[in-house]
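**Student:** So you can see what is in the structure, the chains are spelled out below.
There are 2 protein chains.
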Amino acid sequence: MMENKVVLNGTVVADRMKEQLQERVAKLSAQGILPCLATILVGDDPSSETYVRMKGNACKRLGIDSRRIHLEAATTTEELIAVIEQLNADEQVHGILLQHPVPSHIDERAAFEAIAISKDVDGVTTLGFAQNAFGLANFPSCTPAAIIAILDDYELPIEGKHAVVVGRSPILGKPVSLMLLNRNATVTICHSKTEGLANIVGQGDIVVAAVGRPKFIQGSWIKEGAVVLDAGYNPGNVGDVDYEACLTRASAITPVPAGVGPVTIATLLKHTVDAAELTVRA
Amino acid sequence: MMENKVVLNGTVVADRMKEQLQERVAKLSAQGILPCLATILVGDDPSSETYVRMKGNACKRLGIDSRRIHLEAATTTEELIAVIEQLNADEQVHGILLQHPVPSHIDERAAFEAIAISKDVDGVTTLGFAQNAFGLANFPSCTPAAIIAILDDYELPIEGKHAVVVGRSPILGKPVSLMLLNRNATVTICHSKTEGLANIVGQGDIVVAAVGRPKFIQGSWIKEGAVVLDAGYNPGNVGDVDYEACLTRASAITPVPAGVGPVTIATLLKHTVDAAELTVRA
Numbered sequence: 001m002m003e004n005k006v007v008l009n010g011t012v013v014a015d016r017m018k019e020q021l022q023e024r025v026a027k028l029s030a031q032g033i034l035p036c037l038a039t040i041l042v043g044d045d046p047s048s049e050t051y052v053r054m055k056g057n058a059c060k061r062l063g064i065d066s067r068r069i070h071l072e073a074a075t076t077t078e079e080l081i082a083v084i085e086q087l088n089a090d091e092q093v094h095g096i097l098l099q100h101p102v103p104s105h106i107d108e109r110a111a112f113e114a115i116a117i118s119k120d121v122d123g124v125t126t127l128g129f130a131q132n133a134f135g136l137a138n139f140p141s142c143t144p145a146a147i148i149a150i151l152d153d154y155e156l157p158i159e160g161k162h163a164v165v166v167g168r169s170p171i172l173g174k175p176v177s178l179m180l181l182n183r184n185a186t187v188t189i190c191h192s193k194t195e196g197l198a199n200i201v202g203q204g205d206i207v208v209a210a211v212g213r214p215k216f217i218q219g220s221w222i223k224e225g226a227v228v229l230d231a232g233y234n235p236g237n238v239g240d241v242d243y244e245a246c247l248t249r250a251s252a253i254t255p256v257p258a259g260v261g262p263v264t265i266a267t268l269l270k271h272t273v274d275a276a277e278l279t280v281r282a
Numbered sequence: 001m002m003e004n005k006v007v008l009n010g011t012v013v014a015d016r017m018k019e020q021l022q023e024r025v026a027k028l029s030a031q032g033i034l035p036c037l038a039t040i041l042v043g044d045d046p047s048s049e050t051y052v053r054m055k056g057n058a059c060k061r062l063g064i065d066s067r068r069i070h071l072e073a074a075t076t077t078e079e080l081i082a083v084i085e086q087l088n089a090d091e092q093v094h095g096i097l098l099q100h101p102v103p104s105h106i107d108e109r110a111a112f113e114a115i116a117i118s119k120d121v122d123g124v125t126t127l128g129f130a131q132n133a134f135g136l137a138n139f140p141s142c143t144p145a146a147i148i149a150i151l152d153d154y155e156l157p158i159e160g161k162h163a164v165v166v167g168r169s170p171i172l173g174k175p176v177s178l179m180l181l182n183r184n185a186t187v188t189i190c191h192s193k194t195e196g197l198a199n200i201v202g203q204g205d206i207v208v209a210a211v212g213r214p215k216f217i218q219g220s221w222i223k224e225g226a227v228v229l230d231a232g233y234n235p236g237n238v239g240d241v242d243y244e245a246c247l248t249r250a251s252a253i254t255p256v257p258a259g260v261g262p263v264t265i266a267t268l269l270k271h272t273v274d275a276a277e278l279t280v281r282a
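Heads up: the sequence lines are chains A and B, in that order. Mapping of the first sequence onto my numbering: residues 1 to 282, in sequence order. Mapping of the second sequence onto my numbering: residues 1 to 282, in sequence order.
Misleading hints may appear alongside valid ones.
A pair holds if it fits inside one copy or across any two, identical chains being indistinguishable in the list.
To be verified - Here are the simulated SDA-like pairs of lysine to any residue, each with C-alpha atoms no more than 25 Å apart in a straight line:
{"hint": "1", "residue 1": "K193", "residue 2": "S251"}
{"hint": "2", "residue 1": "K18", "residue 2": "N4"}
{"hint": "3", "residue 1": "K193", "residue 2": "I117"}
{"hint": "4", "residue 1": "K193", "residue 2": "Y154"}
{"hint": "5", "residue 1": "K223", "residue 2": "L197"}
The set of hints was computed from the structure by calculation and includes no laboratory data.
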């Protein structure tokens, strides 16, 4: 049931997801299968290192194998693709996550495309993106899927609502827009060229912030009673939403940290287990 | 230059596009290459027959080869896919168009997926859709591309405008939304579950009607000065827009017929020529 103000606790949602996974991991284990996520980090970006470590630790706690591949910053696109192809061919590996962003000299799109669709647990390939757009994906991008999971966990309705998504990246703004659309929301996609952003955000029954700019979404923009989901994570543990200011207007809101982030990681684990199960069925 | 009211004449835009194609067809011919579009029609739907015939005739007038494959209504998904695979393998064929819709017992998505990406001149595969969503497609879906071509031909700005798309099909509403987004419009996608549709349409600087319901978009919904694009084509030569009523408010509007339709066909021809040229370069 909804209270007057709901802080959407991602840690609780993630814990519930992981609990459900434990049983599935045990079942796989009984069949001699250890789900395995390979993470690839290129270069030494400290926050990327943190993310990858968090993902690895989350695997470990759930009894999922994780293989961390750390490549030096000077790695070429070709070298990176060769590593990905090895992982594609490796039957022990069920999911592959290439930590975004890679150094700018690398063709990130080409590297993403190299990931086999059956192991694309973060939905970064064009094929995975389109399958998700058509509601046919095994593995939608983790952050968008986490946003939907939070709404569902708190039984916040999507159908018929006006969702305003701020941001249009291939792994966040675009896929979450299409997922909300497929769940029968009316969806408005905004970005840096949007005129009258405050007015448009002010129409959102659901507002998704995915811009990567600290405290960008102002409290005064938010419609009274809106549901606010903050997919941002900026230096200093700050989201894309001015949390305190938005809290006064929103009926429900994700904090940062402990909002979308932990559910994204739980979704990645879930997709890895899904992928492992699919290899059994195949 | 814009007049006070502009009727966006698709026939003129299409003729200009075809004129540019003639030179390219001649060049290919000098190299011994005859661009060829294969159209597949399953069953006896009279309007689908008309569309396919129009496409074939348009090819002929431009010196493009067309191969019409007409399969009986009882064709199975497997038989249809086998035909598509033959066309994929046929070096004489540069583009493949499967006329939508196919009889309901056929898995249309599976059939679309069977089309080789290099011959997917109507952008119906998931891969083609996603490449388009990322701005990387050789062949975006023809009707969405035609809508953009009309805006460009009349020098109607897209960037920063609020585009409202009514309809969310995989070959029209979704791809045109993403194309307008990639051109820096703020995009709202509406559909049958949208609440307050009139108000939302009323915010559109650009309104795209892609619902398949005759005269669905009312004149009273349209913002004064909006640009209205009607991608509908219903029995009796009627679009999805109440043309006369919308004309009083719009600054520019496509009629039906002679609006989006002829530009869609010209785009299909262009993609077929593009595909033929790509085989030369490959």
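**Student:** With reference to the structure, classify each hint as holding or not holding.
**Tutor:** Taking the hints in turn, this is what the structure says about them:
1. K193 - S251: Between copies only: 23 Å across, 28 Å inside.
2. K18 - N4: Classified as neither: same-chain Cα gap 28 Å, cross-chain 61 Å, threshold 25 Å.
3. K193 - I117: neither (33 Å within a copy, 32 Å between copies)
4. K193 - Y154: between (33 Å within a copy, 22 Å between copies)
5. K223 - L197: both (13 Å within a copy, 19 Å between copies)
Of the numbered hints given earlier, the model fails hints 2 and 3; all others are met.
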